[in-house]
Amino acid sequence: MTAPRRKTPPLLAISMGDPAGVGPEVILKAAAALARRRGAPSIAVVGDLSAMRVAASRLRDVPAPREWRRGEPPIRLAKGLGVLSISSLSARAIRPAHPTVEGGGAAYDYIVTGARMAMGGEVDALVTAPISKDWMNRAGHHFPGHSELLAQMARTRLWRMMFAGGELTVALVTAHIGFAKVATALTQRNVLDTIRLLATHLRGTLGIARPRIAVLGLNPHAGESGMFGDEEIRVIAPAIRRAQRDGIDAYGPLAPDTAFIRTAGAFNFDAAVAMYHDQGLIALKTLEFDRAVNVTIGLPFVRTSPDHGTAFDIAGKGIANPSSMIAAVEYAWRAAISRDKIARRAAA
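In this text, residue positions in the sequence shown follow my numbering: the first is 1, and each later residue adds one.
Any given hint could turn out to be false.
Per label pair, the in silico range of CB-to-CB distance [to be verified]:
no.: 1; residue 1: Asp-313; residue 2: Arg-92; range: 39 to 45 Å
no.: 2; residue 1: Gln-188; residue 2: Gly-71; range: 43 to 49 Å
no.: 3; residue 1: Arg-60; residue 2: Glu-167; range: 27 to 33 Å
no.: 4; residue 1: Thr-200; residue 2: Met-153; range: 18 to 24 Å
no.: 5; residue 1: Leu-287; residue 2: Asp-340; range: 39 to 45 Å
The hints are simulated quantities; they were obtained by calculation from the structure and are not laboratory data. Don't be surprised by glycine CBs; every beta carbon is placed ideally from N, CA and C.
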């Protein structure tokens, strides 16, 4: 028996982010762009209805924010932007470019509610608008970022940060730790786990049957046979060999300074594994800053985010670029459809 086809577009939750940042603006601009797309997903902004309406009043040609409640039919973008309003922020908290403890606490609540909806199957994916880690921590919620909070909520031990652009996709073995701690944090197990998670995501979400994965070294010249460090010999190369025995097309360790050279204008891999934050993200953000998407792989639900911060310096001016938010929604949209297809094939 064939499983029924999806009859409606996916419903995506977007946590509003810090109300004093560019989150409301880029959400509205992204919604306006997506409303013109055939089969566009429905969106439910988890945030503050007043904040979204104030942001909309500063912009032209964006969908009107409309109150939406859990359990109600989704509001199609052609008819407005649905907002699940879970806060009633003060005028001070929604003043652009002036973050507050109240706003930082509300941003945390938006993430938690959106994640619960995703884990409960109420929405097909979660997109998170930018937060201020500083102000969220000042509000008493002590997490280095979205990923750590979401992993704790989902009780997920094994997860990684991945960043995807139009040309380059990079997953990180270590993320928000100081550079001095990177070498001691690297183990064969966490390098191997990163390769495996990345391969699984590329196959299951992007439909790449046999993804080719480049793995970077840690040291200059990938250690130069141990002259500049032995992490490649002790840790990274053995992890690559174990991945290859698992049937994963991984190769390396590559010298980090030449790993991202494009031959004939294209990379020789589908995605790369970097050992630490800046090793992968300097290349990615240089190449794809306006298009990059932050994806947490390993969670039991799809989570994406634009690859930029709150941009308090330009908040409220109407000049924020929505390209990364659009890309984050598009990635979540594709991933939700792909997961639905996989589930239907499994049920057939």
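Okay, the hints, checked on the actual structure:
| no. | hint | result |
| --- | --- | --- |
| 1 | Asp-313 with Arg-92: 39 to 45 Å | violated (19 Å) |
| 2 | Gln-188 with Gly-71: 43 to 49 Å | holds (47 Å) |
| 3 | Arg-60 with Glu-167: 27 to 33 Å | holds (32 Å) |
| 4 | Thr-200 with Met-153: 18 to 24 Å | holds (21 Å) |
| 5 | Leu-287 with Asp-340: 39 to 45 Å | violated (31 Å) |
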